[in-house]
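Chains A and B, in that order, are what the protein sequence lines are. Quick note on the working numbering: the first sequence kicks off at 1 and runs consecutively. Quick note on the working numbering: the second sequence kicks off at 134 and runs consecutively.
No lab work stands behind these hints: they were computed from the structure. Some clues are possibly wrong.
[Stated by the list, open to error] Rough simulated footprint, nothing fancy, chain B against chain A, three-plus residues with beta-carbon under 8 Å:
#	region
1	16 to 29
2	36 to 46
3	91 to 103
4	117 to 127
Just so you know, even glycine gets a beta-carbon here, dropped at the ideal spot from N, CA and C.
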Amino acid sequence: MNVVIDNWMEFHPVITSAELGWNEECIRDAMSEDPKEIFNYFWKNFFSIIFYYVDDGNFYELFMESDPHKFWRIPKIESWDGKYIGRQILWESHQEGTVLCEFDDDTDLWETLKIGDKSIGEVLTRSYIAEIN
Amino acid sequence: MGGRGSFDKATMSIPVEKRKYKTLDVVDGIKVIEDFESGNGKTPVMSNTADTVYAVWSESAGRIKHIFYYKDHVLYYSIDLEGKNSHAHNVYVDSKTGEIGRKTHDKKNRLELSPKEWIIVNKLEKWTKK
């Protein structure tokens, strides 16, 4: 397993390639190993998802408590010292940042949601999924 | 505490190897727990104890972020601790699929806390991991 991040958080500094994408518990919850079905299971049951996209160094959130729902890039804390990647955002509450899209229950996010030219499926395989609630 | 697929109906419990949470403390009869793998984690939709309440510590946030209520091992109500913006959600179980989640476009599903809930929220927001 390759070390992808060695400065995630002070209590959990190392993230390996095996920790990117959906973990075992997510697979159990969704009762599927199909990434599309796992993704759809969580957002269609209205769990908000926060993930860190390794390839562009940003945090993103699918925020499911608004109507319409929103997908945004979480703002970085201006005073972030750069020491730990996970400390560049606030975790205390949902921080609306740059809204990249709004969507409703019927949106086919798996097919339409992209970051740059990467589909959400590709993005999530290169992301550390940090929080689902 | 665990995910939907972690509950073993044969033993009516979550097998030890599938439990991801450890108990840190008990505050007013509510267990304070944390996800020992990520320190952050996801909403555990199943409980090992049938009818119980858990407060979940987030190492990332440095405080308790949620209170989860379970009936017959299944999550049915949650409180998000966000200071004066703290609020609650009903959680629903799809009887056909067993899927657990919130109903969308249900604007009433961002619930005000009761006075009794505010008391416990205020207490838990002051709790700090030793």
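Each hint tested on the structure:
1. 16 to 29: holds (count 5)
2. 36 to 46: Satisfied; 4 residues make the cut.
3. 91 to 103: holds (count 3)
4. 117 to 127: Contact hint for the region 117 to 127 of chain A vs chain B: violated, 0 residues under 8 Å.
Consistency note: the structure conflicts with earlier hint 4 alone.
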